[in-house]
Amino acid sequence: MVKKTIDNFELEQICQSGQCFRMKQVGEKRYAVIAGSRYLEAEQQGKECIFFCEEKEFDDFWREYFDMEEDYTKYIRKVNPRDDYLTVAVNFGLGIRILRQDLWETLVSFLISQQNNIKRIRRCVENICERYGEKKSSVIGEYYAFPKPEALASLDEDALKACNLGYRSKYVVRAARCVAAGEFDLDAVGKMSYGRAKNELMKLFGVGEKVADCICLFALHHLQAFPMDTHMKQALDAHYKRGFPNRRYHGYQGVMQQYIFYYELFGQNERM
DNA sequence: CGCCAGGGGAGCT
DNA sequence: AGCTCCCCTGGC
1 MVKKTIDNFE LEQICQSGQC FRMKQVGEKR YAVIAGSRYL EAEQQGKECI FFCEEKEFDD
61 FWREYFDMEE DYTKYIRKVN PRDDYLTVAV NFGLGIRILR QDLWETLVSF LISQQNNIKR
121 IRRCVENICE RYGEKKSSVI GEYYAFPKPE ALASLDEDAL KACNLGYRSK YVVRAARCVA
181 AGEFDLDAVG KMSYGRAKNE LMKLFGVGEK VADCICLFAL HHLQAFPMDT HMKQALDAHY
241 KRGFPNRRYH GYQGVMQQYI FYYELFGQNE RM
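Heads up: the first sequence begins at 1 in this note's numbering, then just goes up one per residue.
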């Protein structure tokens, strides 16, 4: 068990921010997250956060996964004080972190995300893990690891329709085949610059600009990636008629994107 | 039953 | 860059 007191870190906001579809609330202030084949439960009371794992496990993996090394005030302070909308949005989501998730998992998750809602994406991912992932057991209980590419590569293209993926089934199966066959090198993409990684990801069937940007941001931590989805288009139309000030936030637009996205989804009641 | 939206993408012009 | 079509599920 590891206790940490940390600023700008809220499990609830991280969970709801829609980056990770395998993080869920399991108690009043308790959250569970599965990453790859690892399982973690954590609880938060104010600034104090308790991670229910060994210190080594925390240092070896979860610290980096949650991007806890970074001081997010350096992004928050850069917000233009004359930008009322962004100021409110950022203040609403001060506990958001940009996770450093596994590339393969993130690729599959966001292939599923297209024309889909977060609730159903979670269920799709859960279905795939339960059916094709390795069953693990921890002191807390049993869970399923995320299936490896090889586990999905041999499937029929429509097989994942049974997991509720619909027409997205073939995207995932084809991607799994490319990775398993070595035609698509995940490790190599992981070492590429933002531009090259995005370009490489978009070669995969079913990966367009938006999905590629999500993968770049949520797995590869390319903070300049700015996923442009329907919510973001609406928000930008309403508040940035001359476009988002990319120049001002050069290099970390993706962080701002997440504040806006989270505010658009959950900040309605706070809006004036 | 129809309609439409949910963190799009491919293919064509 | 803009347009059409694709084509799955859940909610109303």
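Please note: incorrect hints may appear among the correct ones.
Simulated restraints, written as ranges between beta carbons of each label pair [to be verified]:
1. 12 / 69: 29 to 37 angstroms
2. 205 / 230: 29 to 37 angstroms
3. 251 / 88: 34 to 42 angstroms
4. 114 / 85: 21 to 29 angstroms
Mimicking DSSO-like on lysine-lysine, the simulated pairs with C-alpha atoms at most 27 angstroms apart in a straight line are [claimed, not checked]:
5. 119 / 148
6. 24 / 78
7. 191 / 161
8. 210 / 241
9. 210 / 233
Keep in mind the hints are simulated off the structure, nothing from the lab. None of the values given here were measured: they were computed from a predicted structure. The beta carbon of each residue, even a glycine, is placed where N, CA and C say it ideally should be.
For each hint, the structure was consulted:
Taking 29 to 37 angstroms as the suggested C-beta distance range, the pair residue 12 and residue 69 does not conform, at roughly 21 angstroms. For residue 205 and residue 230, the hinted distance range of 29 to 37 angstroms is not satisfied, since their beta carbons lie about 22 angstroms from each other. A hinted range of 34 to 42 angstroms is violated for the C-beta pair residue 251 and residue 88, which are about 23 angstroms apart. For the hinted restraint 21 to 29 angstroms between residue 114 and residue 85, the CB-CB distance of approximately 27 angstroms keeps it satisfied.
Annotation: proposed proximity of residue 119 to residue 148 holds, straight-line Cα distance about 23 angstroms (limit 27 angstroms). This hinted pair does not check out: residue 24 and residue 78 have alpha carbons roughly 31 angstroms apart, beyond 27 angstroms. About 33 angstroms separates the Cα atoms of residue 191 and residue 161, which puts this hinted pair outside 27 angstroms; it is violated. With a C-alpha separation of about 20 angstroms, the suggested pairing of residue 210 with residue 241 holds against the 27 angstroms cut-off.
Proximity of residue 210 to residue 233 is assessed by CA-CA distance (about 12 angstroms); at most 27 angstroms being required, the pair is judged to hold.
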